Amino acid sequence: MSILRRGKDKYGSYEITVEDSILIVSVKGAFGEGLVNNYTRDLTTTIDSISHKKWGYLAYALELEALTNQGFDYLKTSFAYSVANNCIADAYCVTSPLAIAQIDKIRQLFDLHSPVEERLFNDLASAKQFLHEQLEQFS
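Residues -9 to 129 (the numbering used here) are what the sequence shown spells out, left to right.
Derived from the structure by calculation, the hints contain no laboratory data. Please read all numbers here as calculations on a predicted model, not as lab measurements. All clues stand as given, with none of them false.
Simulated crosslink set (DSSO-like; lysine-lysine; CA at most 27 angstroms straight-line): (1) K66 - K118; (2) K95 - K44; (3) K118 - K43; (4) K66 - K44; (5) K95 - K(-2); (6) K0 - K18; (7) K95 - K18; (8) K18 - K(-2).
All chains should be modelled from the sequences, with the hints used to inform the complete structure.
Structure follows, in structure tokens:
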């Protein structure tokens, strides 16, 4: 697994990798407008390279504090792009209660009614295993 794209500012950072059919985003710090704008661009470029097959999204964000309002708006756009381009499963390594609530809100906006708690994991290996199981159901 190698890093395909990365970005950072003085408040936070991200790295985007792809492993098998799982797009993994590692996030640290706060996700404001400038950083999430670059993230959205990098994410859509990465999605375009894998959207020919079904894939899963994994946010490894144990050090994510929260999204700013602008960051939340950009991530709604990114989520819509993911769903429209063959993303069929999502999982999150997130501990911040505010970030979890924001993720849950975005999922609800797209009529994904499964509880976000079913998609929260304490470690990367468990989240990957969950996504592999989800992807196998649709293969």
